[in-house]
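Turn these sequences into a full structure, and let the hints steer you where they fit.
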Amino acid sequence: MSAATVGVEASSLFRYVLRLADLSLILGQRLGEWVGHAPALEEDLGLANVALDLIGQARLLFTYAGEIEGRGRDEDAIAFMREHTEYVNPVLAEQPNKDFAQTIVRQVLIDAFQTELYERLAASSDERLAAIAAKSVKETRYHLRYSGGWLIRLGDGTAESHARMQAAIDRLWPYTAELFAEDELDRTMAENGIAPRLDVVQAAWSQRIDALLTEATLVRPGERHYAWFGKHGQHSEHLGYILAEMQHMQRTYPGARW
Amino acid sequence: MNSHSAELVDPVPVAWNALAAVEDPEIPAISIVDLGLVRFVRRRPDLTLEVGLSPTYVGCPATEVIRQLVESALTAAQVGEFVVTQVLAPAWTSDWISPEGRRKLELYGIVPPERTTSSLRDVVRASRAVACPRCHSVDTESVSEFGSTPCKALHRCRACLEPFEYFKCI
Numbered sequence: 001m002s003a004a005t006v007g008v009e010a011s012s013l014f015r016y017v018l019r020l021a022d023l024s025l026i027l028g029q030r031l032g033e034w035v036g037h038a039p040a041l042e043e044d045l046g047l048a049n050v051a052l053d054l055i056g057q058a059r060l061l062f063t064y065a066g067e068i069e070g071r072g073r074d075e076d077a078i079a080f081m082r083e084h085t086e087y088v089n090p091v092l093a094e095q096p097n098k099d100f101a102q103t104i105v106r107q108v109l110i111d112a113f114q115t116e117l118y119e120r121l122a123a124s125s126d127e128r129l130a131a132i133a134a135k136s137v138k139e140t141r142y143h144l145r146y147s148g149g150w151l152i153r154l155g156d157g158t159a160e161s162h163a164r165m166q167a168a169i170d171r172l173w174p175y176t177a178e179l180f181a182e183d184e185l186d187r188t189m190a191e192n193g194i195a196p197r198l199d200v201v202q203a204a205w206s207q208r209i210d211a212l213l214t215e216a217t218l219v220r221p222g223e224r225h226y227a228w229f230g231k232h233g234q235h236s237e238h239l240g241y242i243l244a245e246m247q248h249m250q251r252t253y254p255g256a257r258w
Numbered sequence: 001m002n003s004h005s006a007e008l009v010d011p012v013p014v015a016w017n018a019l020a021a022v023e024d025p026e027i028p029a030i031s032i033v034d035l036g037l038v039r040f041v042r043r044r045p046d047l048t049l050e051v052g053l054s055p056t057y058v059g060c061p062a063t064e065v066i067r068q069l070v071e072s073a074l075t076a077a078q079v080g081e082f083v084v085t086q087v088l089a090p091a092w093t094s095d096w097i098s099p100e101g102r103r104k105l106e107l108y109g110i111v112p113p114e115r116t117t118s119s120l121r122d123v124v125r126a127s128r129a130v131a132c133p134r135c136h137s138v139d140t141e142s143v144s145e146f147g148s149t150p151c152k153a154l155h156r157c158r159a160c161l162e163p164f165e166y167f168k169c170i
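Protein chains in written order, with our numbering: chain A, 1 to 258; chain B, 1 to 170.
Just so you know, the hints here were simulated from the structure itself, not pulled from any lab data.
Please read all numbers here as calculations on a predicted model, not as lab measurements.
Using N, Cα and C, we set each Cβ at its ideal position, and we do this for glycine too.
Negatives, chain A to chain B, calculated, CB over 10 Å: (1) F100; (2) A244; (3) R251.
Among chain B residues calculated to face chain A with C-beta under 7 Å, some are: (4) Y57; (5) G59; (6) L88; (7) A89; (8) S144; (9) F146; (10) P150; (11) I170.
Label-pair ranges, simulated between beta-carbon atoms: (12) B/L107 - A/G255: 41 to 51 Å; (13) A/T158 - B/P90: 40 to 50 Å; (14) B/E141 - A/G36: 20 to 30 Å.
Laid out in structure tokens, this is it:
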């Protein structure tokens, strides 16, 4: 564990790092479903590359989580061998790909979130987390350039592409509330200088998203009541299907290696 | 490992020489030293040699191959006991590619990266004109932000119509 992390219980830090890791893992797994199915070869490459970066980030975070926990679990043990309710990613990350519009909107919302979060986590009092965030933010900025570019092109595109993008943003918007819903764990991390305050992240995220939506001629939906909390292990039915596929090999052949 | 030879000669320059001959597995034109992946070579107080390696992208599959190549090169160079450490901070940047490395990339047909900018305003729609490595026209277009490896993007020259790769700037 990082020597800098004083004043926080290991179990709390573990849970926090796991949230970051699960977001990248589940989104990366989702994007991987596009391989061989994307609308064009370039997008097949693009989505696969983003997925690869996300899985890479998740690996670093799972490895760190395993060290904090101190029970000898490695990245694979934590990534693959947990139950549905033990995953703590926001529900937005597990939303199905549906069409390219839904995938791009989900990506923009999360890329902007990760960029604003990692930007600040790079100054974390936890040195290891700061290093992982500083490395990862270079990648998430690039992801946002890609997804943001498509948001603008398709939003400000044909009547059909505009309508699909607006439908996607209307459907996915309510799930963004969870990204910024601060709980006890978030507060503890912020008070100890490990993580930024979520209202600060939200303000920066909101500004960035508004600018993108305006350029894309899309309308920001109004806020609605939201009650899903993936970060507390409460998930939509979609996560179960992701895990069934992702965990199949490990469950069938426990401990299998390449 | 040959600890005998390690006592006779300083293993640090020997190791640097060996590492300078390790080619990037995805872009064999350029060595890992030219790419700026080798962060340090130093002797620990117990005389074990420590080599610090940074990944270009955290998910890059070449990272583990590079580590194996480094271990083989150091063993072959007989530098004695050594360890290879992953260095995440400060994060690798394409600015660390050496002038020699940039020259080699260009000769290989890959356009070397721009210098990075710290401005977040440049994040979306930041693409500047990239000159074609064949005919040097700046009348080029981005085909894809992503290419055959995590570190490259795809472009096309409108003048000579050839596609080419651009080393991403991060």
